[in-house]
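Here are the chains, one letter per residue:
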Amino acid sequence: MGALEIVRTAFTPLAALLGGAVIGAAAVLLLLATGRIAGISGIAARLLPPYEDDGWAGRAAFVAGIVAAPLVLSATTGAAPVMHIAAGPVVLVVAGLLVGFGTVWGNGCTSGHGVCGLSRLSLRSLVATLVFMATAFATVFVVRHVL
Amino acid sequence: MSIVAQFLVGLLLGVGLVVAGMSDPAKVLNFLDIGAMSSGGWDPSLAFVMAGAIAVAFLGFRVVLRRPRPLFDSVFHLPGATGIDRRILVGPAIFGIGWGLAGFCPGPALVALGTGSGAALPFVVAMFAGMAAARFVLLRSRAR
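Protein chains in written order, with our numbering: chain A, 1 to 147; chain B, 148 to 291.
Excised from the complex, chain B in its bound form:
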């Protein structure tokens, strides 16, 4: 039941990304192109996507977290780290460069893969390779 639920939630998330227009890298890059503001090429849509998502999640999380436990687990698993270390600066800095180069972040890249065009495949394969590399480095530093 939990696995079916997770498939349906992923499906809903993907539909949301398509409806929001975020599966189109051109739309993302045009949001990130603040240099195009004066020429009228800037597309502020992504800010509205974030506003809609945060409004719903901000309220919804509070309602859900009043429950003693989630539906399919005995406890909530929320991230516990709170400190600002070098990793929380370096990681997002690297991610942002990649996001700005192609206009894909992980969710929209997975949606693009599902369109079957194949154009997003090199990105997704490289993304998993980058993830594997980071996990390998982190694991080795933890073992030392």
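Next up, chain A with everything else stripped away, as it sits in the complex:
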């Protein structure tokens, strides 16, 4: 996989902090509105049957809001988000399967465990975050420096 395209990106600490603060604010507002943790994987997965409660429409609205974000941004600011997808369709499908299965199996992703869980000082979320960071670091190392 040495042919895999590697796009260099600039270190942007201020935009990262600001964007992170907005993500944190969204998590706080979801807790305030619905009393629930802003775990994107859990909210997305519960769009699929079986349905355990009557919260489907709210979850669909939340997911629709995330999908609409780049549309609203490019309509208001005129700038489309920068995006470089290096992986081919086969790798994207395999990665998607692993991300979908793993986040449901482990009850959370970067938002639920990484942001909300750590903010709640949850030991489970700390363990989950350390594990997915470790396997993600290892995977990128193998793909970019070993294969």
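Careful: at least some of the hints might be erroneous.
[As the list claims (entries may be wrong)] Per the computed footprint, the stretches of chain B lying under chain A, defined by three or more beta-carbons under 8 angstroms from a beta-carbon of chain A, are: (1) 149 to 162; (2) 171 to 178; (3) 202 to 211; (4) 221 to 235; (5) 238 to 251; (6) 265 to 278.
I should point out that these hints are in silico values taken from the structure, not numbers from a laboratory. Treat the numbers as computed from the prediction; the structure is a model and nothing was measured. Even for Gly, the Cβ is constructed at its ideal location relative to N, Cα and C.
Mind docking chain B on chain A? Use the hints.
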């Protein structure tokens, strides 16, 4: 009202991901590429995203949880599990491999879908299939 609020919160979250640069898988993969530290290719931005998000959520959660109840529900629904079992190790391990392969976790993948480029579509469809598979396996083991 609750549904409108949830749409707006999702929108805000998506805007935050774009501002933070996390909707670009290249930026995520360059953070995860610790092997590029010596060559100057490492991009530590994601650590600052986490720091900003956790700082706001850590304080904000404490303020919100002083309320007797959320705005649109009668009780708070916080995760109750505290134990470290095999699932909390295996699930994140699998998720991390997928995250490292494509540079997408669920939020940024949904944002990427909204750019309308279509390139993220195979990932998102497969992600929902993976979620359905895990839910099916968990449901069957619970029924037994």
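Here is what the structure says about each hint:
{"no.": "1", "hint": "149 to 162", "verdict": "holds (count 14)"}
{"no.": "2", "hint": "171 to 178", "verdict": "holds (count 6)"}
{"no.": "3", "hint": "202 to 211", "verdict": "holds (count 8)"}
{"no.": "4", "hint": "221 to 235", "verdict": "holds (count 11)"}
{"no.": "5", "hint": "238 to 251", "verdict": "holds (count 14)"}
{"no.": "6", "hint": "265 to 278", "verdict": "holds (count 12)"}
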